[in-house]
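**Student:** For chain A, the structure is supplied; the task is to place chain B on it using the hints.
2 protein chains.
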Amino acid sequence: MAQKRLGTQTIKLSSPPSIISAYSIVGPKEGEGPLGKYFDTIIEDEFWGEQTWEKSETKIARECVANCISKVKLSYEDINYLLAGDLINQCTPSAFGNRDTNIPFLGLFGACSTFVEGISIGSMLIDGGFADNLVCATSSHFCSAEKQFRFPLELGNQRPPSSQWTVTGSGSVMLSSSGTGPYITTITTGKMVDMGIKDANNMGAAMAPAAADTMYMHFKETGRAPSYYDLILTGDLGYIGKSIVVDLMESRGYNIRSNYNDCGILIFDKEKQDTHSGGSGCACCATTFCGYIYNQLQAKKLKRVLLIATGALMSPTTAQQKESIPGIAHAISIEI
Amino acid sequence: MAQKRLGTQTIKLSSPPSIISAYSIVGPKEGEGPLGKYFDTIIEDEFWGEQTWEKSETKIARECVANCISKVKLSYEDINYLLAGDLINQCTPSAFGNRDTNIPFLGLFGACSTFVEGISIGSMLIDGGFADNLVCATSSHFCSAEKQFRFPLELGNQRPPSSQWTVTGSGSVMLSSSGTGPYITTITTGKMVDMGIKDANNMGAAMAPAAADTMYMHFKETGRAPSYYDLILTGDLGYIGKSIVVDLMESRGYNIRSNYNDCGILIFDKEKQDTHSGGSGCACCATTFCGYIYNQLQAKKLKRVLLIATGALMSPTTAQQKESIPGIAHAISIEI
Numbered sequence: 001m002a003q004k005r006l007g008t009q010t011i012k013l014s015s016p017p018s019i020i021s022a023y024s025i026v027g028p029k030e031g032e033g034p035l036g037k038y039f040d041t042i043i044e045d046e047f048w049g050e051q052t053w054e055k056s057e058t059k060i061a062r063e064c065v066a067n068c069i070s071k072v073k074l075s076y077e078d079i080n081y082l083l084a085g086d087l088i089n090q091c092t093p094s095a096f097g098n099r100d101t102n103i104p105f106l107g108l109f110g111a112c113s114t115f116v117e118g119i120s121i122g123s124m125l126i127d128g129g130f131a132d133n134l135v136c137a138t139s140s141h142f143c144s145a146e147k148q149f150r151f152p153l154e155l156g157n158q159r160p161p162s163s164q165w166t167v168t169g170s171g172s173v174m175l176s177s178s179g180t181g182p183y184i185t186t187i188t189t190g191k192m193v194d195m196g197i198k199d200a201n202n203m204g205a206a207m208a209p210a211a212a213d214t215m216y217m218h219f220k221e222t223g224r225a226p227s228y229y230d231l232i233l234t235g236d237l238g239y240i241g242k243s244i245v246v247d248l249m250e251s252r253g254y255n256i257r258s259n260y261n262d263c264g265i266l267i268f269d270k271e272k273q274d275t276h277s278g279g280s281g282c283a284c285c286a287t288t289f290c291g292y293i294y295n296q297l298q299a300k301k302l303k304r305v306l307l308i309a310t311g312a313l314m315s316p317t318t319a320q321q322k323e324s325i326p327g328i329a330h331a332i333s334i335e336i
Numbered sequence: 001m002a003q004k005r006l007g008t009q010t011i012k013l014s015s016p017p018s019i020i021s022a023y024s025i026v027g028p029k030e031g032e033g034p035l036g037k038y039f040d041t042i043i044e045d046e047f048w049g050e051q052t053w054e055k056s057e058t059k060i061a062r063e064c065v066a067n068c069i070s071k072v073k074l075s076y077e078d079i080n081y082l083l084a085g086d087l088i089n090q091c092t093p094s095a096f097g098n099r100d101t102n103i104p105f106l107g108l109f110g111a112c113s114t115f116v117e118g119i120s121i122g123s124m125l126i127d128g129g130f131a132d133n134l135v136c137a138t139s140s141h142f143c144s145a146e147k148q149f150r151f152p153l154e155l156g157n158q159r160p161p162s163s164q165w166t167v168t169g170s171g172s173v174m175l176s177s178s179g180t181g182p183y184i185t186t187i188t189t190g191k192m193v194d195m196g197i198k199d200a201n202n203m204g205a206a207m208a209p210a211a212a213d214t215m216y217m218h219f220k221e222t223g224r225a226p227s228y229y230d231l232i233l234t235g236d237l238g239y240i241g242k243s244i245v246v247d248l249m250e251s252r253g254y255n256i257r258s259n260y261n262d263c264g265i266l267i268f269d270k271e272k273q274d275t276h277s278g279g280s281g282c283a284c285c286a287t288t289f290c291g292y293i294y295n296q297l298q299a300k301k302l303k304r305v306l307l308i309a310t311g312a313l314m315s316p317t318t319a320q321q322k323e324s325i326p327g328i329a330h331a332i333s334i335e336i
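Just so you know, the protein sequences line up as chains A and B, in that order. Counting from 1, one number per residue, gives the positions in the first sequence under my numbering. Counting from 1, one number per residue, gives the positions in the second sequence under my numbering.
Isolated chain A, as found in the complex (with noise of 0.2 Å):
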């Protein structure tokens, strides 16, 4: 077996890369969210002076993976690979925004798993010793993700309760082969897990199956209790997605329900702004950890975070098509 598998899903780096920058842009309604205060920028309206939402999401991708850069004084040069992906159809928002940066460019799409992968990834190519940095960046649009997979906002379409609130924003960190930490250690890759459901309004639901099918590898693997780590946190599986993974992981013997939470809870605040089941979207997991995470993982008030992306593999074609979604989630271990 190769030398850094611990197992068929599960690897450990030999020489971890250091997160030395991460960046978060927000809209407006998650800059009034509880976690608010420890985003760097907050955008003033959703179309943040472009003509089109689809415009809007470009900008803050080329923003945020810009700043990530400039924030610790380095340059595009700098840089050996931008990992990147986003929900729009072919994944325009990350190519476009950053078609100018002269980054060698592996564009990813694991739905809103994709902050996680694109992690993975760039953290097993430093540790192979084929890069020294490199900029794992993922964002979402609220506005831009309604109008292509559900409905014309204008229609003014009642959500469900089950439905999620897709994230406007981007969140870009920056891997390094030197540095202090906070260390990536282990990763462990998802498999898809279809449990059959098809309700495009619950995926928390669609999605829960596969963030407990990778949370049980990952403590099977790494041979960790639950307790090992001061936050476990999945990426946007929101209320009802959250309780379905603390009641299949009790079921496979894992109490969870002490150290366990979820981005798309965190960021919203569910009674003041009418989110339903919480936050979703490539960005709800990515700025939850730009900004909250990342802050308290410096300040030294967390010192191991495993980080559980997780992404619905849909499509409106798959749905209308009578297709059940595909879940999948990637796990990182953070540590300082």
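One or more hints might be untrue.
Which copy is meant is left open, so a pair is good if it fits within one copy or across any two.
Under the rule of at most 30 Å between Cα atoms (straight-line distance), these lysine-lysine pairs were calculated in the DSSO-like manner [unchecked claim]:
id, residue 1, residue 2
1, 147, 198
2, 4, 71
3, 303, 322
4, 300, 322
5, 270, 147
6, 73, 300
FYI, nobody ran anything at the bench for these hints, they're computed from the structure.
**Tutor:** For chain B alone, coordinates are given in the frame of chain A:
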């Protein structure tokens, strides 16, 4: 600088992975083309027993991965990672086709550069000690692509002479840390290049500058001359894109006329098959490689190949919003 880097875009593998299996599935038109006898499976019609073109592409993606693995008498549990992507919104053929495999899944989006993007990342994961065997796959389908990117086929729209014909099919390779070649020896990862082309019916011209840029950087950073290779092969530039690349390389002092070709030119008979500027789509490069080129490498008729897959990172939405088309090209050298 990280130990395996040769320059800003190129890395050299210290333990080059072997391509131990390759499998190709193509549609009837590709089967009737000049490379027909090299493909593993030629399907009888564009639906292949399915009710929609998307489901047909999904079946093609599934069967190609399954056969790539069974061809060398391995099974899904022997595969550490599946790296896959395609052109369809949210890359659903790759995901839905492989959702039951239980292979840890890394979804990619590089448009038609995806095949080489996957092999690039996959090679680094093996060389870095993270994987023993992994599969890189991609697919495209003439009918699902036309429907999504251009016009309904039922419209019988005329195609301009600069347009290309999306290849129906899928190509999958298995990379392994053991094996006796052909080996992936170097990787040159592309950066985005956008020269302002806005014509979605002239993808070859939009992607050619990116191909020339990556090719130039590959020669510069490896110190190799074009004559080092028996064959330099781009992915899907077609006739127009190929002639632009020849000119661009000549202006940079490289004569590639004698050993350069393009998969989009090889796969169809221009006179008999009415494919205008040639083939395109993720499967153009993937099936030409997995069918024809892999055969020639195994027969030692080709010993050193530089494969450069090219992608146009646009969408119908960006075209409607008057954006130009960013191109990207990723290169790998394959040697026996």
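**Student:** Checked against the structure, which of the hints given earlier come out wrong?
**Tutor:** Of the numbered hints, 3, 4 do not hold.
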